[in-house]
Structure formats: structure tokens, C-alpha cells
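Novice: Heads up: the protein sequence lines correspond to chains A and B, in order. Take 0 as the starting number for the first sequence in numbering that gives the first Met the number 0 and just add one per residue. Take 0 as the starting number for the second sequence in numbering that gives the first Met the number 0 and just add one per residue.
There could be a bad hint or two in this list.
Copies of one chain are not kept apart here, so a pair can be met inside one copy or by any two copies together.
[Unchecked claim] Pairs of lysine-lysine, PhoX-like flavour, derived with a Cα cap of 25 Å:
# : residue 1 : residue 2
1 : K53       : K288
2 : K89       : K179
3 : K136      : K53
4 : K136      : K64
5 : K64       : K53
6 : K89       : K53
The hints are simulated quantities; they were obtained by calculation from the structure and are not laboratory data. Remember, predicted model here, so these are calculated numbers, not experimental data.
There are 2 protein chains.
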Amino acid sequence: MLNLQRKHLELIVALNTCETLVEVAKQLHLTPSALSHQLTELEKRIDLTVVDRKTKPLHLTTAGKRLLETALDTLPRFERLENDLTRLAKGDSGRLTIAIECHSCYQWLIPTLNEFRAHWPAVELDIAGDFHFESLKALMENELEIVITADPEPLNGIQYLPLFQYEAHLVLPLEHTLNKVAIIEPAMLKTETLISYPVPPRKLDIFRLFLSPAGVEPAHIRHSELTVMMIALVASGRGVCALPSWAASEYTERQLVSTRSLGTGVFNTLYAAVRETSLRFNYMREFIKLARTLSLQTLQHIAPPNDQWL
Amino acid sequence: MLNLQRKHLELIVALNTCETLVEVAKQLHLTPSALSHQLTELEKRIDLTVVDRKTKPLHLTTAGKRLLETALDTLPRFERLENDLTRLAKGDSGRLTIAIECHSCYQWLIPTLNEFRAHWPAVELDIAGDFHFESLKALMENELEIVITADPEPLNGIQYLPLFQYEAHLVLPLEHTLNKVAIIEPAMLKTETLISYPVPPRKLDIFRLFLSPAGVEPAHIRHSELTVMMIALVASGRGVCALPSWAASEYTERQLVSTRSLGTGVFNTLYAAVRETSLRFNYMREFIKLARTLSLQTLQHIAPPNDQWL
DNA sequence: TATTTTTTTGAAATATTTTCAATATGCTGA
DNA sequence: TCAGCATATTGAAAATATTTCAAAAAAATA
Numbered sequence: 000m001l002n003l004q005r006k007h008l009e010l011i012v013a014l015n016t017c018e019t020l021v022e023v024a025k026q027l028h029l030t031p032s033a034l035s036h037q038l039t040e041l042e043k044r045i046d047l048t049v050v051d052r053k054t055k056p057l058h059l060t061t062a063g064k065r066l067l068e069t070a071l072d073t074l075p076r077f078e079r080l081e082n083d084l085t086r087l088a089k090g091d092s093g094r095l096t097i098a099i100e101c102h103s104c105y106q107w108l109i110p111t112l113n114e115f116r117a118h119w120p121a122v123e124l125d126i127a128g129d130f131h132f133e134s135l136k137a138l139m140e141n142e143l144e145i146v147i148t149a150d151p152e153p154l155n156g157i158q159y160l161p162l163f164q165y166e167a168h169l170v171l172p173l174e175h176t177l178n179k180v181a182i183i184e185p186a187m188l189k190t191e192t193l194i195s196y197p198v199p200p201r202k203l204d205i206f207r208l209f210l211s212p213a214g215v216e217p218a219h220i221r222h223s224e225l226t227v228m229m230i231a232l233v234a235s236g237r238g239v240c241a242l243p244s245w246a247a248s249e250y251t252e253r254q255l256v257s258t259r260s261l262g263t264g265v266f267n268t269l270y271a272a273v274r275e276t277s278l279r280f281n282y283m284r285e286f287i288k289l290a291r292t293l294s295l296q297t298l299q300h301i302a303p304p305n306d307q308w309l
Numbered sequence: 000m001l002n003l004q005r006k007h008l009e010l011i012v013a014l015n016t017c018e019t020l021v022e023v024a025k026q027l028h029l030t031p032s033a034l035s036h037q038l039t040e041l042e043k044r045i046d047l048t049v050v051d052r053k054t055k056p057l058h059l060t061t062a063g064k065r066l067l068e069t070a071l072d073t074l075p076r077f078e079r080l081e082n083d084l085t086r087l088a089k090g091d092s093g094r095l096t097i098a099i100e101c102h103s104c105y106q107w108l109i110p111t112l113n114e115f116r117a118h119w120p121a122v123e124l125d126i127a128g129d130f131h132f133e134s135l136k137a138l139m140e141n142e143l144e145i146v147i148t149a150d151p152e153p154l155n156g157i158q159y160l161p162l163f164q165y166e167a168h169l170v171l172p173l174e175h176t177l178n179k180v181a182i183i184e185p186a187m188l189k190t191e192t193l194i195s196y197p198v199p200p201r202k203l204d205i206f207r208l209f210l211s212p213a214g215v216e217p218a219h220i221r222h223s224e225l226t227v228m229m230i231a232l233v234a235s236g237r238g239v240c241a242l243p244s245w246a247a248s249e250y251t252e253r254q255l256v257s258t259r260s261l262g263t264g265v266f267n268t269l270y271a272a273v274r275e276t277s278l279r280f281n282y283m284r285e286f287i288k289l290a291r292t293l294s295l296q297t298l299q300h301i302a303p304p305n306d307q308w309l
């Protein structure tokens with residue numbers, strides 16, 4: 000095997016631009032002796048002459064010209080690669096793909112993304128479509144950089160950075176009897192149809208923190224992908240649903256539905272799940288910071304997390 | 000400086016195709032230990048993680064993916080380069096650019112090129128246009144591979160391989176008085192107009208071997224690039240010219256002009272000038288052999304060279 | 001032809017890469 | 001849970017590769 004390396008191509012380029020081997024050596028920060036050894040070694044290896052040492056301005060042979068050809072189109076690729084890698088290492092550029100488990104997040108996410116893009120133009124931003132709720136696996140496998148979730152399951156190498164606290168509210172039709180009750184107990188939902196996002200119950204606050212601990216299940220469960228659709232269904236009396244208070248407020252203000260606390264209040268924290276290794280990048284930490292500030296500014300009825308971490 | 004080399008890219012590709020580092024090591028013919036050292040060294044150098052060792056099928060990080068990108072488009076270029084170089088070394092492919100000083104050579108050169116092309120399809124054939132009669136310099140500087148010349152000046156690293164011997168004839172109008180003379184002496188051309196190719200006199204047989212030794216110059220010299228044009232001028236009585244007998248025979252047969260020997264006969268040898276180093280390529284030696292055989296077959300009135308060399 | 005410059009050479013010094021042996025880490029299945 | 005196995009890492013020694021140095025050779029210059 001010939002096993003040509005980048006340095007051989009660099010040698011050829013220098014050879015092509017210089018008049019004498021002494022110059023070439025200088026350009027490559029080598030002694031003329033080292034250069035001579037290298038050249039001899041290369042020529043022995045490919046079993047071809049590369050330069051004609053006899054001529055004044057040092058002429059490449061056919062083999063040398065062929066090497067130069069590849070050198071000229073390959074070396075710039077190496078340079079671009081190294082450029083990109085150093086920028087990556089400095090944390091000025093990179094990829095930031097976000098998956099959202101929380102379906103009501105666009106409200107604060109969009110402004111965050113816009114603000115971020117302005118600060119870090121070299122970072123490739125993307126929102127991942129559908130990871131079929133395997134998003135944490137995708138995060139571990141480097142397919143994603145951030146997962147927004149309210150359900151932090153401990154995983155190796157994954158850190159959950161709290162963004163803000165919110166209360167989960169029960170969304171009711173305006174005329175619903177539960178509007179009159181002092182405190183809403185889990186059992187009161189036994190006869191109701193619950194409308195939820197199509198995700199496993201353990202991912203939903205109302206189950207994990209309210210119904211399941213009390214061993215209660217609603218009469219029916221109906222799925223919907225879109226928050227507006229859920230609201231429409233509730234408004235027309237087809238059921239009730241649970242939403243973060245800030246997600247529901249938009250609709251209560253317009254008097255489409257009403258909301259109540261669940262029991263004495265079901266509170267939860269929204270997290271950004273990231274790989275531990277990602278945190279060494281400035282743009283990552285910056286993103287989290289922006290998300291915290293902008294969600295607090297954008298949303299009503301939420302609070303900063305107890306534990307600030309980062 | 001990062002100083003990434005081809006081997007690093009190969010490492011990344013292996014990393015991307017294998018499930019475990021042990022496999023990667025096997026694929027690269029290394030011990031797992033060596034591989035581990037390499038990987039650590041690379042990652043320390045670029046100050047970035049390249050693979051996530053924690054995951055089962057070994058996932059590349061963003062940096063790893065960027066490296067893979069360059070690897071995928073650069074490594075095939077190295078492979079093609081090595082391929083071409085080994086073929087070059089074996090002498091199966093290469094470049095063969097020919098310059099012609101002898102303006103009447105196309106007659107035998109064209110069949111030679113055709114035959115050659117059939118045997119050595121991988122050799123890039125070309126006839127060089129105009130080197131302003133600096134063709135030997137161009138040969139020394141690797142711009143050309145062969146120069147066809149009748150005037151071998153000793154040069155370092157250049158070998159002259161004789162192709163064939165020929166006689167230079169004087170071409171006369173059919174009714175010219177010199178047609179009647181027993182032997183044409185140099186002095187008899189003192190009053191004639193000589194039509195020649197536009198090259199320095201020393202490159203022309205009639206000067207070098209006939210007129211100059213006798214200290215004679217023709218009355219006028221007129222230039223023409225094309226043999227047919229020279230013949231037309233001679234036929235219409237504007238002058239005389241000298242041509243290799245084989246180049247003239249085409250026109251004497253058609254009774255356009257007549258030819259005579261110069262003195263007791265001016266004989267010369269046509270050479271192929273090549274770089275000594277070129278002779279190690281099979282296709283080079285093959286070309287010379289073909290030129291010899293085909294010129295003898297194609298041309299009349301020529302003889303094989305005295306000294307066969309090659 | 002003498003002198004300077006360039007290039008090559010071989011041996012020693014230096015640097016890099018690989019291996020070896022030991023150990024650590026992680027996974028699998030009782 | 002832990003033993004047993006496969007994978008991965010570590011540090012030191014060994015093997016390779018590269019560079020320098022000093023000297024000589026070859027070319028160029030004057």
C-alpha cells in the first residue's frame with residue numbers, strides 16, 4: 000500500500016511553488032536534510048520520481064503533477080474541516096436540534112429560537128419533528144441536543160436543567176358543575192372524558208401527579224395532537240383536559256373555557272434535557288439561559304425553578 | 000495547528016461502520032490499545048469528543064459527523080490517486096505529448112498514433128502545437144515526452160533514439176535547368192530562391208549538411224509553413240526547396256515537380272528525443288518501436304537506422 | 001578553477017506509534 | 001446480586017518513524 004498522507008500532498012504543493020529545495024524546506028519549517036529524506040522516502044514508496052531536481056525552477060514530473068492535482072482539491076477540504084472543528088471546540092458553532100415532549104411549548108420556544116439565532120448565527124438550529132417519544136434515546140445517540148420534557152427520568156450522561164415551574168390546570172367547559180366545587184378531588188374525574196395528547200399517561204402531569212397516586216382513571220380517554228383542538232372539544236362539552244396554566248390562559252381570557260386547580264394544586268417543573276458533554280459549549284448554556292428568561296417574560300402564571308443549577 | 004491526516008479520517012470511517020472499538024481495531028489492523036491511544040490523542044488535539052463510547056452501536060458526535068463528512072469525500076480521492084500512481088509506476092498509463100520539428104512527419108506519425116492508442120488506451124496522447132522551436136527545453140522541463148527531430152544536440156538527460164534514415168532531395172520545377180546537371184553542387188544554388196520551413200537554418204538539412212559546409216547561401220530565402228504550399232511555389236517556378244525524399248515522392252509521382260539528390264547524396268537520421276527517465280516506462284519504448292516499424296512500412300525511400308539502440 | 005550554494009548521506013537524537021500486560025468498566029445471565 | 005466474559009483504558013517499554021546534525025557531494029556562480 001502506498002499510504003499517502005496529507006503531508007505528502009503539502010510537500011508537493013510546496014515543491015510546486017518554490018524554486019529550490021532549500022526554500023521548500025523553509026516553507027515547511029524543516030531542514031533541507033529532513034526534506035530530502037522525506038522526498039526520497041516518498042519516491043521510493045510510489046516507485047516514481049516526483050520532481051526533476053536538475054532543472055532550475057524545479058519541475059514536477061507526470062507523477063508529481065498527478066499528486067498536485069489531488070493536493071489542490073483535497074487540501075482546502077482539510078483546511079475547512081479544521082476551521083469548522085476549532086469553531087466547534089470554541090463553542091461558537093455547532094448543531095442544536097430540539098425535540099419537544101411538551102406540546103404547548105411553541106409559545107415561548109419560538110421567541111427563544113429567534114433571539115438565539117440572532118446571537119449565534121453559526122449554530123445550526125432545528126426543531127426535530129417526531130421521535131415517536133423516543134426522544135431521550137435520540138438525545139443519548141447524538142441525534143438531538145435538547146429535549147424539552149416535564150418528566151425527568153434519570154439517565155446516564157443526561158442532565159435535566161430546570162426551566163420554570165408551572166401549575167397544571169384542569170380545563171372545563173364554562174358551565175361545568177366542577178366549576179362550583181371548592182376543591183377538585185381525583186375521584187371527581189371518574190365519570191369524565193379526559194382529552195389528552197397522544198402520549199403514555201406517565202408523561203402527563205394529571206396522571207402522574209394527580210390521578211395515578213389516587214388510583215383513579217377517567218371514564219374515557221380521548222387523544223388530540225393540537226391544543227386548540229383540545230380546547231374546542233372541551234368548550235363543546237365533550238370532555239375535560241389538563242394543561243399548564245400558561246397554555247390555557249390564552250383561552251380563558253377569551254372566555255372559551257374555564258380552568259381550576261387540581262386538588263390543592265399540581266405543580267411541576269419543565270426541564271431541558273441535555274447531554275452532560277454538551278454543556279461545555281457556550282452556545283448551549285446560552286440557549287438554556289435565554290429559554291429561562293424568555294419563558295418568564297412570555298408566559299403568565301409561571302415561576303422560576305427552585306434550583307437554578309447552571 | 001490541528002494537523003489532521005488521512006489516517007484520522009480513516010479512523011472516523013471505521014468508527015462509523017463498526018459496533019465496538021475492538022472491531023474498529025481489527026478493521027484498521029491495530030490492537031485495541033493502539034486505537035484507544037490514537038483516539039484519545041485525536042480528541043485531545045481537536046479538543047472535542049468524536050464518538051460516544053457509552054452507546055452500543057457507537058455514535059459519532061457532531062464533531063465526529065463533521066469529520067466523517069470530509070472523510071467521505073476526501074478518502075476516495077486518495078484512493079484514485081494511489082490507483083493512478085501505481086498504474087503510472089507499472090508503466091501502463093501516463094502522458095505522451097509529442098512535438099514535431101520535422102514538418103513532414105504527419106504521414107507516418109498519424110498511423111503510429113492510431114496504432115499506439117489501440118495498444119495503450121490509458122496513455123493520454125497529444126501532439127503539442129507550437130513550442131516556438133524551444134521544444135527541447137520543453138522536453139527537459141517535463142512539458143513534453145517526445146520531440147521528433149533531425150538535429151540531435153547533446154543535452155543532459157536527453158537521449159536521441161534513431162527512427163530511420165532518409166535522403167534530403169532538392170525539389171525542382173519540372174523544366175528547371177538543374178534537372179539536366181550530372182551532380183548538383185552547392186554553388187549551383189547561389190542564384191536560386193530557396194523555400195523553407197520558417198525555422199533557423201541550422202535545423203534544415205540542406206543548410207547544415209550541404210550549403211553551410213561549402214559556405215554557400217541561396218540568392219533569396221522564402222518561408223512557408225505547409226509542405227503543399229512549398230510544392231505549389233516550386234511548381235510555379237518561384238524557387239526550389241529541399242525535402243526528405245519520402246515527403247517529396249507524393250508530388251513527384253503526380254508529376255508536379257521533380258527531385259534530385261544533393262551532391263552525392265545528403266543523408267540524415269530522424270530521431271525521437273526523450274528524457275532518459277522516460278525509458279523505464281513500457282509504453283514509451285513501445286511507442287518508439289511502433290514508430291520505427293510503421294514509418295518503414297508507410298514511407299518509401301527510407302532505411303532503418305544504423306544503430307538500433309533500444 | 002575556486003568559491004559558494006544547494007542537495008544528499010548516514011548516524012545519532014528525538015518524536016511518534018504500537019504493543020504488552022495490567023486494570024478497569026460494563027454487560028449478561030444465573 | 002454477583003461471577004464470568006467481553007470491551008475499553010492505562011502506563012511503560014519497545015518498535016518505528018522522523019528530524020537534526022555534521023559531513024560530503026554535486027551544482028551553480030563568479
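Novice: Which numbered hints does this structure break?
Specialist: 1, 2
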